[in-house]
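Colleague: Protein chains in written order, with our numbering: chain A, 3 to 258; chain B, 3 to 258.
Treat the hints loosely; a few may be bogus.
Which copy is meant is left open, because identical chains are indistinguishable; a pair holds if it fits in one copy or across any two.
[Claimed, not checked] Quick list of in silico lysine to aspartate or glutamate cross-link-like pairs, DMTMM-like style, CA-CA up to 20 Å:
#1 4 / 52
#2 4 / 27
#3 35 / 47
#4 153 / 187
#5 102 / 134
#6 232 / 97
#7 102 / 70
#8 84 / 97
Hints were generated in silico from the structure; no laboratory data involved.
There are 2 protein chains.
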Amino acid sequence: MKIVILGSGNVATILGKALVDAGYDIVQVWSRKFENAKILAGYLDSDATDDLTQIRPDADLYLISVTDDAISSISNHLGSVKGVIAHTSGSTSIDVFSGKCAHYGVFYPFQTFSKEKPVPFKEIPVLIEAIDQTALSTLKEVAHSVSDTVKEYNSAQRTQLHIAGVFASNFTNHLYSIAERLLTESQMDFDLLRPLILETATKVQRLLPEAAQTGPAIRNDRNTMAVHQKQLANQPDLLAIYKLLSDHIITPLPRK
Amino acid sequence: MKIVILGSGNVATILGKALVDAGYDIVQVWSRKFENAKILAGYLDSDATDDLTQIRPDADLYLISVTDDAISSISNHLGSVKGVIAHTSGSTSIDVFSGKCAHYGVFYPFQTFSKEKPVPFKEIPVLIEAIDQTALSTLKEVAHSVSDTVKEYNSAQRTQLHIAGVFASNFTNHLYSIAERLLTESQMDFDLLRPLILETATKVQRLLPEAAQTGPAIRNDRNTMAVHQKQLANQPDLLAIYKLLSDHIITPLPRK
Numbered sequence: 003m004k005i006v007i008l009g010s011g012n013v014a015t016i017l018g019k020a021l022v023d024a025g026y027d028i029v030q031v032w033s034r035k036f037e038n039a040k041i042l043a044g045y046l047d048s049d050a051t052d053d054l055t056q057i058r059p060d061a062d063l064y065l066i067s068v069t070d071d072a073i074s075s076i077s078n079h080l081g082s083v084k085g086v087i088a089h090t091s092g093s094t095s096i097d098v099f100s101g102k103c104a105h106y107g108v109f110y111p112f113q114t115f116s117k118e119k120p121v122p123f124k125e126i127p128v129l130i131e132a133i134d135q136t137a138l139s140t141l142k143e144v145a146h147s148v149s150d151t152v153k154e155y156n157s158a159q160r161t162q163l164h165i166a167g168v169f170a171s172n173f174t175n176h177l178y179s180i181a182e183r184l185l186t187e188s189q190m191d192f193d194l195l196r197p198l199i200l201e202t203a204t205k206v207q208r209l210l211p212e213a214a215q216t217g218p219a220i221r222n223d224r225n226t227m228a229v230h231q232k233q234l235a236n237q238p239d240l241l242a243i244y245k246l247l248s249d250h251i252i253t254p255l256p257r258k
Numbered sequence: 003m004k005i006v007i008l009g010s011g012n013v014a015t016i017l018g019k020a021l022v023d024a025g026y027d028i029v030q031v032w033s034r035k036f037e038n039a040k041i042l043a044g045y046l047d048s049d050a051t052d053d054l055t056q057i058r059p060d061a062d063l064y065l066i067s068v069t070d071d072a073i074s075s076i077s078n079h080l081g082s083v084k085g086v087i088a089h090t091s092g093s094t095s096i097d098v099f100s101g102k103c104a105h106y107g108v109f110y111p112f113q114t115f116s117k118e119k120p121v122p123f124k125e126i127p128v129l130i131e132a133i134d135q136t137a138l139s140t141l142k143e144v145a146h147s148v149s150d151t152v153k154e155y156n157s158a159q160r161t162q163l164h165i166a167g168v169f170a171s172n173f174t175n176h177l178y179s180i181a182e183r184l185l186t187e188s189q190m191d192f193d194l195l196r197p198l199i200l201e202t203a204t205k206v207q208r209l210l211p212e213a214a215q216t217g218p219a220i221r222n223d224r225n226t227m228a229v230h231q232k233q234l235a236n237q238p239d240l241l242a243i244y245k246l247l248s249d250h251i252i253t254p255l256p257r258k
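With the sequences and hints as input, model every part of the structure.
Modeller: This is the structure in structure tokens:
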């Protein structure tokens, strides 16, 4: 199977590497900047271009791994290809390709990516969605080749999962940043918090988070929360976050 | 060294066990409810009481591990003991003992505790503070016997660390709960998020959180954030949290 990758960021890089490792032939890499296309193409033993009119028409799969708002304009250039076209975005509907392409879908690896700390791709769930049987069988085959967990979810579910990921990963990492800032301000080292952070994430690998909740808010310990809010008084941004999240912990989550 | 433990909750239980394992003699366990004192005393091969007037006066160390607002009233009953008195609270000043006791301090194991998922006590940092040299040497000796990391911090630093822990652990766990709720509502399994959660915590074991930040807010990806906010529109509580944390990620953290 011949594959073209459009994009040269984290996802394109890690996914491209996983595809090569699974035995696929990456025949072309496109990036808006030729320099970036060349770097990734070199890594994947492929050809590079920065010209959308030069995209090869004979590949079996075109994976678009760019910023969400660039997917639509790039797909305008892929109307004549016969292969399957898919984007890798968690927040973009499959309908972005509607009326432009023949066989299309979504190939969304659901994980935080970083060039610094690689995760085995096999452990990353891949969520697929397809407009027709041709797209579905191609995306399924490729997904099962690179990941141990493949799920078929629709665009609304994928958006919901992406939002859940923002809460569980992006926002939690930002809370780590806030904690680090609080320690630095008081001449303490972030190392003190690292075991606690790992332990908090490890606990919910088996338990549900509600069963693992600790801290002054779940105990409704008003005295401790008052002490904390007093100490945060000169940092209104942190105080607002402290209050909103504490109140939300105190009020049980409604279940639909 | 003879130790009396006042309290029978998670911290009292786990700390008591670590002290017994380190060879200390727990001579008495007090709890407000005799039944609870009896259970912990049985576990620690100790005596139980629910009567503060019956606390033995001859111990070397009295560890008060109760809810923060009960520390003061309990310490009123310990005015005549000769040993060192310490509480285990992150949010209570050392001054809670002022004018009541002779040698006193704080012995704060800094970690989330749970009966379900035990952590080796050696890995839990213990923060100590002491009013005099007698208290300091006793607390230092005991702390080094049970933990690999012992730090001397004052009450203001301890409060700051406790607040940082609330952000990095209690609040992040609550964000996991929110994510779990979002998945359940859309017929998806929390298992999908577990690897992402662990990976997010693992990344900051080496990196600083600011360097590990990903997601639509740090990219200032307004389109994606608009899609997310639209989908959260019927859950104003989650929408408020989404907006506040996204805005805070977009605005760089000030450094003092």
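Colleague: Work down the list of hints and note, for each, if the structure agrees.
Modeller: To see whether the hints hold, each was checked on the structure:
1. 4 / 52: So residue 4 and residue 52 pass the 20 Å test inside one copy only (19 Å; across, 75 Å).
2. 4 / 27: within (5 Å within a copy, 71 Å between copies)
3. 35 / 47: Classified as within: same-chain Cα gap 18 Å, cross-chain 71 Å, threshold 20 Å.
4. 153 / 187: For residue 153 and residue 187, the Cα distance is within 20 Å only across copies (17 Å; inside one copy 45 Å).
5. 102 / 134: Answer is within; shortest intra-copy Cα gap is 14 Å, inter-copy 78 Å.
6. 232 / 97: between (50 Å within a copy, 17 Å between copies)
7. 102 / 70: within (17 Å within a copy, 64 Å between copies)
8. 84 / 97: within (18 Å within a copy, 76 Å between copies)
Going down the numbered hints, you'll see the structure goes against none, and every one checks out.
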